[in-house]
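Student: The chain contents come next:
2 protein chains.
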Amino acid sequence: MLKRYLPILTWLPHYHKRLLGADLLAGLIVTVMVIPQSLAYALLAGLPAVVGLYASILPQLVYTLFGTSKTLAVGPVAIIALMTGAALSSVAPTGSDTYLQAALILSLLSGGMLVVMGLLKMGFFSNFLSHPVISGFLTASGILIAASQLGSLLGVESSGFTLVERLITLVPNLPTFNLPTILIGSGTLLFLIAMRRQGKVTLHKAGLPLPLADLIAKAGPVFAVVATTLITWHWQLAEAGVAVVGSIPSGLPALSFPWGDYSLWRALLIPALLISLVGFVESVSMGQMLAAKRRQRISPNQELIGLGATNLAAGFSSGMPVTGGLSRTVINYDAGAQTPAAGAFAALGIALVTMSFTGWLYYLPIATLAATITVSILTLVDIPMLRQTWRYSRSDFAAMAVTIVLTLCEGVEAGIISGVTLSIALFLYRTSRPHSALVGRVPGTEHFRNTTRHDVETVNNVALLRIDESLYFANARYLEDTVYNLVASHPELEHVVLICSAVNLIDASALESLDAINARLKDSDVKLHLSEVKGPVMDQLKKSDFLEALTGRVFLSTYAAWREFS
Amino acid sequence: MLKRYLPILTWLPHYHKRLLGADLLAGLIVTVMVIPQSLAYALLAGLPAVVGLYASILPQLVYTLFGTSKTLAVGPVAIIALMTGAALSSVAPTGSDTYLQAALILSLLSGGMLVVMGLLKMGFFSNFLSHPVISGFLTASGILIAASQLGSLLGVESSGFTLVERLITLVPNLPTFNLPTILIGSGTLLFLIAMRRQGKVTLHKAGLPLPLADLIAKAGPVFAVVATTLITWHWQLAEAGVAVVGSIPSGLPALSFPWGDYSLWRALLIPALLISLVGFVESVSMGQMLAAKRRQRISPNQELIGLGATNLAAGFSSGMPVTGGLSRTVINYDAGAQTPAAGAFAALGIALVTMSFTGWLYYLPIATLAATITVSILTLVDIPMLRQTWRYSRSDFAAMAVTIVLTLCEGVEAGIISGVTLSIALFLYRTSRPHSALVGRVPGTEHFRNTTRHDVETVNNVALLRIDESLYFANARYLEDTVYNLVASHPELEHVVLICSAVNLIDASALESLDAINARLKDSDVKLHLSEVKGPVMDQLKKSDFLEALTGRVFLSTYAAWREFS
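Those sequence lines, one after another, are chains C and D. When we follow the UniProt record's numbering, the leftmost residue of the first sequence carries the number 1, and every step to the right adds one. When we follow the UniProt record's numbering, the leftmost residue of the second sequence carries the number 1, and every step to the right adds one.
No wet-lab data here; the hints were simulated from the structure. Don't take each hint at face value.
Below, a sample of chain D positions facing chain C; criterion: calculated Cβ distance under 7 Å [said to hold, decoys possible]:
#1 S432
#2 A474
#3 S501
Every beta carbon over 12 Å from chain D, so not counted as near; a handful from chain C, in silico [stated by the list, open to error]:
#4 L326
#5 G336
#6 H490
#7 G552
#8 E564
Short, incomplete list of chain C residues facing chain D, as computed with Cβ under 10 Å [stated by the list, open to error]:
#9 A474
#10 N475
#11 R477
Every residue gets a Cβ at the ideal spot worked out from N, C-alpha and C, and that includes glycine.
Just chain C, same shape as in the assembly (with noise of 0.2 Å):
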C-alpha cells in the first residue's frame, strides 16, 4: 500500500554503487543543460527567471518520492508557461505582485487537481483530449512561442497571448529594433539549428566518438549561452540596447502560502484544470514511451498523484506549475539516469546554481534564450500531421483544424476547450445517424455480409437488418424511422430481425423505441427478431418487459434465424 503511494520504497532499498554513478553523472549533465530553459520558460510565462529555476527544485526532488517513471525529468515546459502566462494575465496585470501570486496559485489548484483525480484513478479523464486535438494544439502552441519569441529576437516589444495581439503590438515597434540583438539572437539561432540538424555528424566525423559528439551537439544550448554571455560582457552590450537577464536574487526559494482572494482562485481553476490536463497528457505519454524502451512500466494514476505533488511543491516554493518536460527527460535519458535519483542530483545542482552563481547569468541575453526556445519549440510544428488526418478522416481533421484556429486566433483556452467539444460533438453526431444494412448469408456459409457490397442469399419475406451502433438517446428515433422505412418500402415482409452484433448498449430511451416499433410492426402483421443479443445487453433486456412483449423471438445467431425461416 506505501510502495503504492511511495515508489521510491520500490527502488532506493535495491540502490548501489553502480547506479550512483550513473545517476550522478546525468544529475550533472541535467543541471548544466536546464538552467538556460528554466531561465527561458519562465520569462515566457511573464514571470521573473529565477522562477524557473525555483520551480526545477523542490517540485524534481518531491517526483522522486512519486513518481513512477525512471527517468522523467519535471520542471517548466514551454506549452505549460504558454498557459501559464495567458491564464496568469488575464487576471492581473505582468509583473505585478498579484502576478506572481496567481502563479503559485495556479500551481497549487493544478497540484491539488491531480492529486484528486489520481487518488479517484480518474486518470481516463485525459482520454478525452484526442489525439488530432493534442496535435493540433501542440503544432498551434509551437508557432504561438515562436512568434512570441520573435520581439525579444529583435529587441522590440511585443505582448498579447494570441497570434494577432502578437503580430499587433510587434507591427508598429518594428523600427525600434536593436542591431547588436538580431545579430545575438539570429547568431544563436543559425548555430543550434545547425548544432541540430548536423553536428552529431559532423562532430563524429571530425573523428570524436559518437557518444560525445551526440552529447557535444545536445548542449549546444550551453555552449551558446556561454559564448553569448561572454561576448555580451566583454563588449559591454547591454549598454548597446541588448537585454539581458540582469541580477537574480541568490537564495533557496522561500517555502510560503499564496493566500489572495477567493475571486483570483476562482477566476483560476478552469485554466488549472486544463494545464492539469494537458501537463498530464505530455508527461504520461512520454513516460510510456520511455518505460516502453527498457520494458519498464509506469502507472498512469500514481503519475497523476506524482504530478500534482509535484505541482504543490513548486506552489509552495515559489515556482510555477511544472510538468515532465520532453527535452530535459530526453537530456536525462541519453545521459544515463537509472532512477530518479538522477533528478534529485540534478535538482541539488539546480539548489546550488541558485544558491551561489546566480551573478554569472546577469550579461545572459534575452535573445539567446529566445532562440533556445525557437529551436525547440519548432520541433512541435507538425505540419504532415495535418495532410495525414485530412486524408484518413475529415472530421478528425476537422477537430484538429478548429483547435489549431482558435488556439492561434484566440488562444490556448479557447483553443482546446473547442477542439475538445468539437470531438465530442462529431461523435455523438456520427453515432447518431448509424450506418444500417440489409445483409444476407455468403453462400455455403453461416457468415452474413452487406447486400449491397457482397453477392450473397437473401429470402423475400425476411428483412435481417443489422444496425452498427449502440442504441441510445441520440440515434433511437433514427432507428425507428429506418425500420418504419424498411417496412413500408418491402410490403411483402413478414419478419423482422434485428442484427445486434454491434449493438453494445440499449438505453431507456431506445428500449422506448424498440417498443414502438414492436407495437406498430404487430399492426402490420409483421414479426420483430432479435439476433446475435450480446451477453450484457440480454442481461439489461432481461430487467424490461421487451422480452415479454416481443412478437417474435430472440436468435443466439442471425444463421439460427435464417434456418427457421429459409
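We have chain C already, so just place chain D on it with the hints.
Tutor: The following block gives chain D in isolation, referenced to the frame of chain C:
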C-alpha cells in the same frame, strides 16, 4: 417544392363540404375549451391574461399554412409558459413593460431558431433530449407548476421559479389566506378531478350516449369557469378578496416589432433555444402519435419550420412562446377535426371572443384557473416511470434524477441543461471503457461467443478478442491496455485476432493506438490480425498506412481466422 414548405397546398385544393362540417364543429368546441387554459398559462408566465388569447389567434392561423399535422392545435402550453416565466423574470421585473417586450423577443428568437433548424434539417438536435431527461423534466415541471398554483388556490401571495423559492415565499403569507378563494379553488379542484376520473362513466350510466358523456366530461373546466364566474359575480366575491381576471382589453392584438436592447436579446438566447427544443419535442412526439393513429405522417423538419413560423407570428402579434399543446390537441382530435382548417376556425372563434366578449371574463376567479392548471398538469407527473427506469438502467436513472432535482431546486433551465449534459457524459464514460470478451467457437458451428459465458472451443496460441465498441479517442488508450494486459498474461500467444463486428468507427486516435499495438506486438513476436471489419471501416483504414504495416491478416470472418490457425 412549394408544397413541401406550404403543406396547406396539399389539402386545401381537396377540401369539401363534409370536411367543413366536422372542422367547424371541432373549431367551435376548441374555442370554448381553450379560452380558460389560454388565460391560465399567460398568468403562469407572469403575463397579462389576454396575452394567452392573443397567442391563440395568429399563431394558430399561421400553423394552418405551414404545419404538417392534421390535428395539432398550437397555443400557450403549461411547460413552455413555465419556462417563459422563468426566463423573463431573470431579465425584467414581472409586470414591467420590459417583461412584456421580453416575451415577444423570446417568441421571435425561438421562432427564428426553429425555422433555421428546420431549413438546415437539424431536427435530430432534439434527439439529445433523451427519454429519461424529458420524462424527468415533465414530472418536475408538473410539480413546480402545481406548487406555483398553490398560492392562487389559497388566495395568498407567492413567487419564484424553483420549488424552494415558491415555498419560502408562500409559507409566511399563509395566515393571510382568503376563505372564499379557498372554497372556490378547492371546490373546482374536486369537481374537475371527479369529472376527469368518473364523469364519463357516471354520465353514461345516467343515460347519456357515450360520445356526449365523453364531451361533457371533457368540458368540465368550461362548466367550472361559468359556474364560479356567476357565483363570484352574484355574491360580489371580488370585494370579499377573491382575485378575479378583471378587465381584459377588447380588440385584436396590435402587430408590432419588439426592438429592445441588444443585451435583452442576448440574455434570452439560451432560454429561447431550450424553449424551442422542449416545445419541438413535445409537439412532434404528440403529432407523430396522433398521425400514427390515423396512418398519416408528419415531417419533423417541416414541423420545425411550422412551429417556427407560429412563434414568429406570436412575437409579432403581442403573444408569447407557443407550441403544440397536449390538451388542446387532444380536444381537437376527439372533437373530430379532419384538417388544419379546424384550428383556423378555433382561431377565428377566439378572435371573436377577444373582440367582443372579454367583459364576460371579468368575474372569472383566478382560483378557478389555478385549479384547471393543477388538474391538467398533474398528468405530467409520472412516478412509476422513475421505478421502471431505476430497474432498467442506473445511468438512465441518474440522468432522470438529476433533471428532476435540479429542475425543482435550481429551475427549468438548470434542470434540462444538467440532464442533457449528464446523459452525454455517461454515454461517453460508458463507451470509454468498452466491454471486451475473449471468444471461442460454439462447437460444430461457425459462431463465436464469450469464453466465460458459454462452453466453447479455443486454441492455445490464438486469442480471439472481441471489442464491443467503436474505437475512438475516449477508449483508444483503454484498447492498448486491454491488449497489452492480454499478451502479458498469456505468454504462449502467437496470434491476436481483434474481432471488429461491433466496431463501427475507428478514428485517428484509435488508428494511432492500433499502430502502436501492432508495433509493440511485433517486438514480442505476436501477430495482430483483424476479422469481420465492416465495409465503411475498411474503406477508411485503406486511406492510412495501417494495413501495410499490419503484421497479420484481415479475415472476412472469425471462422476464417479460426480455420487458419486450428
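Student: Which of the numbered hints are not met once you compare them with the structure shown?
Tutor: none
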